[in-house]
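**Student:** Spelled out from the first residue to the last, the chains are:
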Amino acid sequence: MSWLETLRTGVNGVRSHRLRSSLTVLGILIGIAGVIIAVGLGEGASGQVTSEINALGSNVLTITPGSSTSSSGIRQALGSASTLTMADVSALSSPVDAPDVKAVAPITSQTEVLTAGSETATTSVQGTTPNWLSVRGRTLAEGRFIDSQDLQDHAAVAVLGATTASELFTRGDPVGQSVDVNGTPVTVVGVLTSSGASSSSSSTSDPDDTLIIPITTGAERIFGGTSRNSVSSIAVQARSSADLTGAYQEADHLLLELHGITNPTEADFTITSEQSLIAANTSVDHTLTILLGGIAAISLIVGGIGVMNIMLVSVTERIREIGLRKALGATPRVIRRQFLVEASVLGVIGGILGVAAGMLGVIYLPGLIGDPISTSPTAAVGALAIALAIGVLFGVYPASRAAALAPIDALRSE
Amino acid sequence: MTVTPPQGTPALTTLAPVIDLERVTKVYRTGSLSVAALRGVSLTIEEGEYVAIIGPSGSGKSTLMHILGCLDVPSAGRYHLAGDDVSHMSETALAEVRNRRIGFVFQQFNLLPSMTAWQNVELPLAYAGVSRSERKARAVEALGRVGLAGRIHHRPGELSGGQQQRVAVARALVTEPDLILADEPTGNLDSGSAADVMRLMGELHDAGRTLVLITHDAEVASAAGRVVGIRDGLLSERDESHLESQSIR
Numbered sequence: 000m001s002w003l004e005t006l007r008t009g010v011n012g013v014r015s016h017r018l019r020s021s022l023t024v025l026g027i028l029i030g031i032a033g034v035i036i037a038v039g040l041g042e043g044a045s046g047q048v049t050s051e052i053n054a055l056g057s058n059v060l061t062i063t064p065g066s067s068t069s070s071s072g073i074r075q076a077l078g079s080a081s082t083l084t085m086a087d088v089s090a091l092s093s094p095v096d097a098p099d100v101k102a103v104a105p106i107t108s109q110t111e112v113l114t115a116g117s118e119t120a121t122t123s124v125q126g127t128t129p130n131w132l133s134v135r136g137r138t139l140a141e142g143r144f145i146d147s148q149d150l151q152d153h154a155a156v157a158v159l160g161a162t163t164a165s166e167l168f169t170r171g172d173p174v175g176q177s178v179d180v181n182g183t184p185v186t187v188v189g190v191l192t193s194s195g196a197s198s199s200s201s202s203t204s205d206p207d208d209t210l211i212i213p214i215t216t217g218a219e220r221i222f223g224g225t226s227r228n229s230v231s232s233i234a235v236q237a238r239s240s241a242d243l244t245g246a247y248q249e250a251d252h253l254l255l256e257l258h259g260i261t262n263p264t265e266a267d268f269t270i271t272s273e274q275s276l277i278a279a280n281t282s283v284d285h286t287l288t289i290l291l292g293g294i295a296a297i298s299l300i301v302g303g304i305g306v307m308n309i310m311l312v313s314v315t316e317r318i319r320e321i322g323l324r325k326a327l328g329a330t331p332r333v334i335r336r337q338f339l340v341e342a343s344v345l346g347v348i349g350g351i352l353g354v355a356a357g358m359l360g361v362i363y364l365p366g367l368i369g370d371p372i373s374t375s376p377t378a379a380v381g382a383l384a385i386a387l388a389i390g391v392l393f394g395v396y397p398a399s400r401a402a403a404l405a406p407i408d409a410l411r412s413e
Numbered sequence: 000m001t002v003t004p005p006q007g008t009p010a011l012t013t014l015a016p017v018i019d020l021e022r023v024t025k026v027y028r029t030g031s032l033s034v035a036a037l038r039g040v041s042l043t044i045e046e047g048e049y050v051a052i053i054g055p056s057g058s059g060k061s062t063l064m065h066i067l068g069c070l071d072v073p074s075a076g077r078y079h080l081a082g083d084d085v086s087h088m089s090e091t092a093l094a095e096v097r098n099r100r101i102g103f104v105f106q107q108f109n110l111l112p113s114m115t116a117w118q119n120v121e122l123p124l125a126y127a128g129v130s131r132s133e134r135k136a137r138a139v140e141a142l143g144r145v146g147l148a149g150r151i152h153h154r155p156g157e158l159s160g161g162q163q164q165r166v167a168v169a170r171a172l173v174t175e176p177d178l179i180l181a182d183e184p185t186g187n188l189d190s191g192s193a194a195d196v197m198r199l200m201g202e203l204h205d206a207g208r209t210l211v212l213i214t215h216d217a218e219v220a221s222a223a224g225r226v227v228g229i230r231d232g233l234l235s236e237r238d239e240s241h242l243e244s245q246s247i248r
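For the record, the sequence lines run as chains Y and P. Each residue of the first sequence is one higher than the last, beginning at 0 in numbering that gives the first Met the number 0. Each residue of the second sequence is one higher than the last, beginning at 0 in numbering that gives the first Met the number 0.
What the hints contain is simulated information worked out from the structure, not anything from laboratory work. Warning: the hint list may mix true and false statements.
To be verified - Think about it this way: if two alpha-carbon atoms lie no more than 20 Å apart in a straight line, the pair counts; the simulated SDA-like pairs of lysine to any residue are:
(1) K135/P to W2/Y
(2) K135/P to T5/Y
(3) K135/P to N11/Y
(4) K135/P to E4/Y
(5) K101/Y to T138/Y
To be verified - Simulated coverage check for chain P against chain Y, where a stretch passes if three residues somewhere in it have a Cβ under 8 Å from a Cβ of chain Y:
(6) 32–44
(7) 91–105
(8) 189–197
Claimed, not checked - Covered, in the sense of this in silico footprint (three residues per stretch, anywhere, with C-beta under 8 Å from a C-beta of chain P), are these stretches of chain Y:
(9) 169–175
(10) 400–408
We treat Cβ as the ideally placed atom computed from N, Cα and C, and that holds for glycine.
Please take these sequences and the hints and turn them into a complete structure.
**Tutor:** Take a look at the structure:
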């Protein structure tokens, strides 16, 4: 009997037990759909985090005050008096002392209330230098960024993040308008393009919800405070990601020397690489994907056991049919094939419907849960292959049982 | 005895008897207990014969039927079916022998309920590897021979018992086998349908088929040209002219 004949017989067998077949198919369907959605969720989450981190700039080191190695706790009570100053910034900017550093951007930041007409918003106000734009890898949607003239003049100008701009100026062009920052009016000269990292649910602060002013303006007119020279953090851009380690060592060495610290474990600053963040987050998401995938895989195995169970029931129930087919000349091999094909047909139908259900989930679930799910054709094809493999794998035992039945035993049964 | 080879039967089979059993025994073992169902049976059936094997339940007639039908192999002794020794064949080889040489008619009809009459009839041809179009033509033709030309698209559930058994006979015929083996073919039928089926058997015999009928019913057996009794695993020829087939251990 040819494979086509066997397939026809198998499909017939599946069709003649509709309810039972559909329940078995349902088990596989759920497993396959689960795999596709789980893998999609995992990949979607890691894609989101990676794009968020990339938006911060991946060649960038961030220097923050305080020590991560100190256990005293005193030095970590920061904010009141930052240990980083503009002197550190100029030292890091030296091409001689720090050849691997491409650009340096000091940042002072504070949360302030902004007012524009009748709209108010609370946002992170960041004082910085023109370098910030390239160091952070950002672009402008309109207008211009703060320039060195603004810096020199302590100019009352500001650049808005996309979110802040839309919050304060629901209508009309923000550029040229005036915003009150903690009572000080500044003129909007530009708006940043959205960073692309939609992070409403993320723990990292929204990079689009910000107001950028010249660092001198901030120190002079807005933040006030004790030390006009201190900065909240310093962003250091390496020449390339390959130079990141070099830049790290140069920055570390320079700052230790400037701060007069001989023992590196007593450093009063911390240097973080964005890449270490990416690595940490990627591994978290990797774990998440494995976990979700594992759960889905278990449900697939359960589906497979369902196939085996149904096929065993089917063999027992159709023992007379098997006996008859054998009496009519079906060889054990043909009987084995028939049941294997039936199990595979169940698996493949479950797989196709499961992929369809998974795709629907991938399309509609993000709207409900607010997390992105990425579609992966590889996962879909893989899931189909798995479904077929499950049908075959869990069909082998029942099929062999059917093939091994003695025709007289099969015919005799009532 | 009539030796009229049916159409399509290879000439080779005319040389050897269709069935040649030589001191066949069958012993079933369950644990330490062994039961001898056949205790040395010898039987020769020539081509074109119509033989009834009659015996009460427990006589060993089912076992004999299984061995004649190549559904089981003897514990000892030889069985030549149309010249070929089938006593030690593998399961796969036996399947082929059943497919090509034997047509079965069972008491319970054993039709597949999800298939139409012609699909049931073409089943043995499918296992023989006959092409689809030829299969359908031959199945329809066989159903015509048993008088069911108008029922080819009916499922077994839509047919009467007698009609179902006629479908089963058509299925037994369709491969042009050397032997048609009927196991209590009238056991599940009312007397009218039973007479119908027995008439059909008679027609097949007249057409030159070799028929073996296994039954417990003397009236059914009387339709056959030759009656062989079985009791306690031993055969006894009822027809004096075949005494030589009898074997006493």
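**Student:** All hints, please: hold or fail.
**Tutor:** Comparing the hints with the structure gives:
1. About 19 Å separates the Cα atoms of K135/P and W2/Y, which keeps this hinted pair within 20 Å; it holds.
2. Between K135/P and T5/Y the CA atoms are separated by roughly 17 Å; this keeps the pair inside 20 Å, and the hint holds.
3. For the hint linking K135/P to N11/Y, the alpha-carbon distance of about 17 Å falls within 20 Å, and the restraint holds.
4. A hinted pair counts as satisfied when its Cα atoms are at most 20 Å apart, and K135/P with E4/Y qualifies at roughly 14 Å.
5. This hinted pair checks out: K101/Y and T138/Y have alpha carbons roughly 18 Å apart, not beyond 20 Å.
6. Here's how the segment 32–44 of chain P fares: 0 of its residues keep a CB closer than 8 Å to some CB of chain Y, so the rule of at least three is not met and the hint is violated.
7. Counting residues of the segment 91–105 of chain P whose CB lies closer than 8 Å to any CB of chain Y gives 8, so the stated coverage by that chain holds, three being the minimum.
8. Three residues within the 8 Å Cβ limit are the bar, and the segment 189–197 of chain P against chain Y gives 0, so the coverage statement is violated.
9. By the rule of at least three residues with a Cβ nearer than 8 Å to a Cβ of chain P, the coverage given for the segment 169–175 of chain Y is violated, with 0 such residues.
10. Check on the segment 400–408 of chain Y: 3 of its residues sit with their Cβ under 8 Å from a Cβ of chain P, so the three-residue criterion for coverage holds.
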